[in-house]
Amino acid sequence: MKIAINLLPIEFRAQQIRSASFYKIQAFGVTIILVMIFLSVLVVALRFLQSQNISQIQNRVSAEEQKISDLKNTQGSLLLLKNRIITISQYLGTASKQAQMYQLITTLLPESFSVSSISVGKDGEILISGVVPDSSSLDNVISNLTSQSSNQDKISQISLDTISRGRDGVYRLSLKIKPK
Amino acid sequence: MVIYPVAVKLITNSKVEGEILSKSKFLETKAQALDSLDQVDLDRKVNFALGSLPTDKDFVSAFGLLQSLTSESGFSTTAISLGSDASKNINAQSYNLKLAIVGPVTLLPILLSNIENSSRLMRVSSFETTAGGLQAGTISLNIDVLYLSAPTDFGSVDSPLPGLSEKDDEVIAKLAKGDTAASTPTTQLGPRGKENPFE
Numbered sequence: 001m002k003i004a005i006n007l008l009p010i011e012f013r014a015q016q017i018r019s020a021s022f023y024k025i026q027a028f029g030v031t032i033i034l035v036m037i038f039l040s041v042l043v044v045a046l047r048f049l050q051s052q053n054i055s056q057i058q059n060r061v062s063a064e065e066q067k068i069s070d071l072k073n074t075q076g077s078l079l080l081l082k083n084r085i086i087t088i089s090q091y092l093g094t095a096s097k098q099a100q101m102y103q104l105i106t107t108l109l110p111e112s113f114s115v116s117s118i119s120v121g122k123d124g125e126i127l128i129s130g131v132v133p134d135s136s137s138l139d140n141v142i143s144n145l146t147s148q149s150s151n152q153d154k155i156s157q158i159s160l161d162t163i164s165r166g167r168d169g170v171y172r173l174s175l176k177i178k179p180k
Numbered sequence: 181m182v183i184y185p186v187a188v189k190l191i192t193n194s195k196v197e198g199e200i201l202s203k204s205k206f207l208e209t210k211a212q213a214l215d216s217l218d219q220v221d222l223d224r225k226v227n228f229a230l231g232s233l234p235t236d237k238d239f240v241s242a243f244g245l246l247q248s249l250t251s252e253s254g255f256s257t258t259a260i261s262l263g264s265d266a267s268k269n270i271n272a273q274s275y276n277l278k279l280a281i282v283g284p285v286t287l288l289p290i291l292l293s294n295i296e297n298s299s300r301l302m303r304v305s306s307f308e309t310t311a312g313g314l315q316a317g318t319i320s321l322n323i324d325v326l327y328l329s330a331p332t333d334f335g336s337v338d339s340p341l342p343g344l345s346e347k348d349d350e351v352i353a354k355l356a357k358g359d360t361a362a363s364t365p366t367t368q369l370g371p372r373g374k375e376n377p378f379e
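Chains as they are written, first to last, in the numbering used here: chain X, 1 to 180; chain S, 181 to 379.
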């Protein structure tokens with residue numbers, strides 16, 4: 001068992017307690033100041049390092065920009081090539097609506113249909129005039145053109161503009177075919 | 181007093197640093213990509229593309245090509261003239277050529293296919309035939325010959341670089357194939373006139 005005996009007078013003891021707490025506050029203040037100094041130094045050092053790092057990266061960026069500027073012709077050629085290819089690929093190897101419609105119509109017309117003229121317009125509209133020897137051939141022409149299975153569902157409208165039957169029994173007709 | 185503004189600057193600059201770093205990486209990759217490209221090969225590809233879709237109207241070469249395509253398809257040309265109005269085409273400009281030909285109408289699909297699959301971009305706008313079957317009919321065709329003005333913007337230093345996909349390479353290969361076929365001379369012109377006219 002530890003026994004502490006303080007024989008100092010009460011005033012002296014009170015002064016000692018006051019000075020002890022003052023030292024504590026002083027030590028705390030000094031620690032705070034030291035911490036602040038440490039943090040300031042740290043932040044300034046970090047800022048310095050960061051500035052150095054940024055300037056290094058900026059130098060690297062300038063060097064790369066210079067390198068790219070030297071290769072400006074290559075970049076221009078590549079952009080020009082890509083610009084052409086985008087458009088070329090839209091057209092190359094694809095038949096126009098006009099050509100497609102002509103191909104379709106020529107396959108749909110029976111051999112008995114003697115074509116006098118075919119005209120294909122800008123929107124793919126076709127005007128055909130021709131002669132068929134008899135009514136069954138005429139039926140055949142119309143059913144071929146109007147049947148969805150044979151016309152591949154590419155025809156929206158067929159109109160028989162003119163039709164006449166000659167003394168020889170042949171039918172002269174002109175058809176207007178609208179694509180879908 | 182010192183710590184706060186410096187710390188704020190440190191945080192702001194770290195964002196800036198990140199941005200510059202990513203820019204640096206992007207530029208580095210772009211420079212490497214540009215450096216790895218073979219300029220000679222690229223020029224060759226550009227020539228193929230410009231041959232197919234020039235930057236301006238090329239009447240003379242289009243006339244020549246159409247004439248050779250019609251004769252290859254079994255037709256003979258009676259007249260070629262400049263048309264007035266061209267159809268509107270997507271992403272391209274065009275001028276119209278009128279072609280009057282004579283030949284078997286049964287071969288017309290081949291001619292249409294030859295024109296539209298030619299390495300020089302052309303579209304059949306409209307046409308008219310006056311006889312069918314194996315008869316030698318007269319055909320008049322309106323053909324839109326496509327061209328496209330050169331782009332005005334060739335990209336800045338920090339603009340992204342377009343890449344060439346496999347599909348693009350296929351298109352270039354097709355053009356190269358067509359160009360080789362088209363460049364084969366069909367007719368040889370003999371010497372014309374005196375070598376020295378003052379002799």
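Misleading hints may appear alongside valid ones.
Stated by the list, open to error - With a Cα cut of at most 25 Å, we get these calculated PhoX-like pairs of lysine-lysine:
hint, chain 1, residue 1, chain 2, residue 2
1, X, Lys82, X, Lys72
2, S, Lys278, X, Lys178
3, S, Lys203, X, Lys122
4, X, Lys72, S, Lys278
5, X, Lys97, X, Lys154
6, X, Lys97, X, Lys72
7, S, Lys195, X, Lys82
8, S, Lys195, S, Lys205
9, X, Lys97, S, Lys203
10, X, Lys72, S, Lys195
If you're looking for bench data, these hints aren't it; they were derived computationally from the structure.
Out of the numbered hints, which ones does the structure contradict? 3, 4, 6, 7, 9 and 10
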